[in-house]
Amino acid sequence: MVDFTEQQPTIITINRVGEYFINSMDNESAEVSQGERLPLGRVAARVQARLQIFPKMKVFVRGDREVAYGSVIALMSFLQKNGVDKVGIVTESPDVK
Numbered sequence: 000m001v002d003f004t005e006q007q008p009t010i011i012t013i014n015r016v017g018e019y020f021i022n023s024m025d026n027e028s029a030e031v032s033q034g035e036r037l038p039l040g041r042v043a044a045r046v047q048a049r050l051q052i053f054p055k056m057k058v059f060v061r062g063d064r065e066v067a068y069g070s071v072i073a074l075m076s077f078l079q080k081n082g083v084d085k086v087g088i089v090t091e092s093p094d095v096k
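In numbering that gives the first Met the number 0, the protein residues as written are 0 to 96.
The reader is advised that the hints may include incorrect statements.
Computed list of lysine-lysine pairs in BS3-like fashion (alpha-carbon distance at most 27 Å, straight line) [to be verified]: (1) Lys80 <-> Lys55; (2) Lys85 <-> Lys55; (3) Lys85 <-> Lys57; (4) Lys57 <-> Lys80.
Distance ranges between label pairs, derived from CB positions [to be verified]: (5) Pro54 <-> Val16: 27 to 37 Å; (6) Ser76 <-> Met56: 12 to 22 Å; (7) Pro38 <-> Ala67: 16 to 26 Å; (8) Ala44 <-> Gly17: 13 to 23 Å; (9) Gly17 <-> Lys80: 16 to 26 Å; (10) Arg15 <-> Pro54: 27 to 37 Å.
Rather than coming from a laboratory, the hints here were simulated on the basis of the structure. The beta-carbon is built from N, C-alpha and C at its ideal position, and this holds for glycine as well.
I would like the entire structure built from these sequences, with the hints used as guidance.
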């Protein structure tokens with residue numbers, strides 16, 4: 000069940016073959032890659048719908064390790080052009096050896 004008092008962020012992942020996934024709103028522990036796969040044209044609409052319900056919700060983009068940086072930037076730009084004003088990037092620390 001969705002907790003309406005503390006909304007988790009929306010995370011959009013792009014994988015190495017250019018597929019887009021959006022995290023589930025009701026399963027906080029689910030891996031994003033197990034989330035719903037959407038065509039790019041539906042990603043912004045889905046995020047906008049969520050922002051209508053949760054105006055302060057954070058939106059992040061995560062790129063697969065093998066995704067070109069330009070693809071992540073293109074996704075962020077696409078979201079911004081489609082009304083998602085603030086978009087962050089999920090980063091992971093490199094493995095320290």
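Evaluation of the provided hints:
Between Lys80 and Lys55, the direct Cα distance comes to roughly 19 Å. Compliance with the 27 Å bound is thereby established for this hinted pair. Pair hint Lys85 plus Lys55 holds up; C-alpha atoms about 10 Å apart against a cutoff of 27 Å. This hinted pair checks out: Lys85 and Lys57 have alpha carbons roughly 8 Å apart, not beyond 27 Å. A C-alpha spacing of about 17 Å is found between Lys57 and Lys80, which places the hinted pair at or below 27 Å, so the restraint holds.
Under the hint 27 to 37 Å, the C-beta atoms of Pro54 and Val16, about 33 Å apart, fit the expected range. The beta-carbon spacing between Ser76 and Met56, approximately 20 Å, falls within the hinted interval of 12 to 22 Å. Under the hint 16 to 26 Å, the C-beta atoms of Pro38 and Ala67, about 19 Å apart, fit the expected range. At about 19 Å, the CB distance of Ala44 to Gly17 agrees with the hint of 13 to 23 Å.
Hint check: Gly17 to Lys80, Cβ distance near 18 Å, so the stated range 16 to 26 Å holds. Distance hint for Arg15 and Pro54: a CB-CB separation of about 33 Å, consistent with the stated range 27 to 37 Å.
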